[in-house]
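Please model the entire structure based on the sequences and the hints provided.
Read off the chains here:
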Amino acid sequence: MDKSASNAFINQLVAYTLGMLLFTGSIGLGTVWLRYEISVVANRNQSLQARIAQVQRELDDCIAEKAAAQSPDNLIRLNSTMRLGLDIPRQEQVGDVPIDVDQWLASRLNPELFTAELQPVVLRRGGSR
Amino acid sequence: MSKGFASNYRMVCLAAGVGLCFGGVALRLVDLHVWQRGELLKFVEQARRTFIVVNARRGNILDRNGEILATSRPLMEVGLDPSMLRPEDEARWPQLARLLGITVADIRAAAARRTNDALEDDERATKPVHWAKLADGIDDTVYEGGKNGREGILGLKIRGVYGNRVYRRFYPYNSLASHLIGFLGGDGAAAAGVERYMDFYLHGENGWRESERNGLKKELAQFQTRDVPPIDGYNVKLTIDMYVQHLIEAELQRIADLYQPLKATIIVSDAQTGALLGLANYPTFNLNEFNKAPIDALRNCAVTDVFEPGSTFKIVAISGALNDRLVTPNSAFDVGSGEVDYHGRHLRLPRDDHPFDTLTVAGIISHSSNRGAAQLAMLMGDQRFYAYTRAFGFGQKTGFPFGGEIEGILAAPKDWDSLTITRMPMGQSVAATPLQVHYAMAAIADGGILLRPQLFSEVRDERDNIVFHFDEVPRRRVIEPETAATMARLLEGVATPDGTAPEAAIPHFEVAGKTGTSNKVVDGKYSDRHHVASFVGFFPATRPRVVISVIVDDADAHCPSGVAYGHAVAAPSFKRLGEELIQYLDIKPVTDLPLNRFAFAGGPR
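Read top to bottom, the protein sequences are chains F and C.
All residue numbers for the first sequence refer to the numbering used here, where the first residue is 1 and numbers rise by one.
All residue numbers for the second sequence refer to the numbering used here, where the first residue is 1 and numbers rise by one.
Hints may be right or wrong, so weigh each one.
[Claimed, not checked] Restraint ranges, calculated between C-beta atoms of paired labels, are given here: (1) C:Ile-102 x F:Leu-29: 53 to 59 Å; (2) C:Pro-350 x F:Ala-69: 53 to 59 Å; (3) C:Ala-91 x F:Ile-76: 42 to 48 Å; (4) F:Ala-69 x C:Asp-498: 48 to 54 Å; (5) F:Leu-29 x C:His-33: 23 to 29 Å; (6) F:Arg-77 x C:Thr-358: 55 to 61 Å; (7) C:Arg-114 x F:Tyr-36: 40 to 46 Å; (8) C:Ile-102 x F:Val-40: 33 to 39 Å.
Note that these hints are calculated values from the structure, not bench results.
The beta-carbon is built from N, C-alpha and C at its ideal position, and this holds for glycine as well.
Rendered as structure tokens:
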């Protein structure tokens, strides 16, 4: 093809112009699409943030309600209305013992461990695995 | 080809018309985009730009076990825009009033407020009202409707009625530790107590973001330009124990029911660290309704009010004399005689309730002899006695961080009259706050070291990392550890059948303490019918765990004997509290402590 011919030049110009139009058009469309996606993601983030804030609020509300439900006044009232008869132990009900209670309970549950004669442990070289 | 309609002339005209139109448009575009650009951009910016403040969440106040004493709770503030109300919605106003807990008349009054007439500024006064508050503290379920189909405020579909979500301070235990926790004012500003003192840590930093909004006033998230996230407030952990505080307040209520006193204070602290486990006053108030409480109830009497400590003050003279090696526990004094010579002056000694001829130092303390205490102070001399009084913390602030603490009243020896040296050792001519008396006794329990009241334990961030840790703060050594141990042993005599307060004795435990019954000054004279009854002590005496002070002001009218003695009014409360604390804090009795270790058992130092 004779590129110097005027028709050929116009054809080339038209082709390049069309190519350029397609290229810039696609960039334009891509930009629009990108901006649309950005706005979608931004809105989704915003709604997620709003949801997190909502959950945090509900959590705060639950914590406050739980604390109020555990208040001594409320527990005393519940104890009375539900007729549970719960009371804190009084000093008269408590007896002090002069022994180590943990050891005493352990020796009662496992007398063989505490009363059996102690056997020395012998370590042998190359023993069974 | 025929030219027809499209003659050259017509074509030129058409082209010129089109060209003019395009030229006009182009000129207008140049006008808008070049010449008026600045003004129009400003207008657009104003219309579209938005600045949103993101509120930080205020930190919680916790007790030493992490129980929440103060927190922030999301609630709705419901109001209306009078200009947007429709007449056809009025039929639903009674339902709205019921949901909000107000009357229809309240809604009518709010709806009638079309302009801000209350404002003095003319321009603002004529400005239409777009928000008139109807009620606050409304639950989400009431506003939005319950999940079980219960209709909420939004469900009524009344145009112009809407709510704003706000965080409100909430105190789950109502009046518990009210004088310590404090509260926020109506405008959300910290007004009193820990809330105010620790506001720097609690309030956090609000965040903000700059963005744009569309014609529907909806934020366009994609145009956010700057976003500064909020920093939530830190949590402040106190040394107070919620359960101990509850025990104290229950005991105060019991005292109030029995004796109807003018006021009363109970303080419990850790004997080794000075950390306050509980502090309460009667009368008290509900933190969630602080604006309904009388002004007197808001005062923390433990630091703002003074009283003459009475016999509890005798620990100063006795400790001082023992510490200076002027006497031993077995030194005997003539307390039968009512007169004594002091520095060339002939002085009359105060009267004793239970007369004795001779008492040892141990007897002076267990029988609470006024004459004995006066002679011990005289033995020390004015200056030494005054120095010990100051050393025990009287006449100066304890260092309690808030609440308007006062120093009390303690005159210097140069201002004393001739009788002061005989009266001050028995707790007259001196005025102290309950907290001063408490920490003076705590100094003996802690082996002779005066501690600063400790209320704060830690500051933690929202991820529970420790930001700041508070340690015990010793102020000074007042007496030697050996003297403190001896004093503890002598103070045990008070809670024995021979002492002045057997009512304070706890079986199997060594209770050390001192009663106080001081006459109140009425019309410039000591009254025989108005007293302040107190019992201040600690236990176990040889290995102290807790210091307890019970101070009851003017309970005489409802006492069977007509006089509110410390042993009758305050000592039983000490015992009851002590027994409950034994269970809760797992305090063990000290048995068979060898005598050679006894001297070192006053404290760890």
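Outcome of the hint check:
no., hint, result
1, C:Ile-102 x F:Leu-29: 53 to 59 Å, "holds (57 Å)"
2, C:Pro-350 x F:Ala-69: 53 to 59 Å, "holds (55 Å)"
3, C:Ala-91 x F:Ile-76: 42 to 48 Å, "holds (45 Å)"
4, F:Ala-69 x C:Asp-498: 48 to 54 Å, "holds (49 Å)"
5, F:Leu-29 x C:His-33: 23 to 29 Å, "holds (25 Å)"
6, F:Arg-77 x C:Thr-358: 55 to 61 Å, "holds (57 Å)"
7, C:Arg-114 x F:Tyr-36: 40 to 46 Å, "holds (44 Å)"
8, C:Ile-102 x F:Val-40: 33 to 39 Å, "violated (43 Å)"
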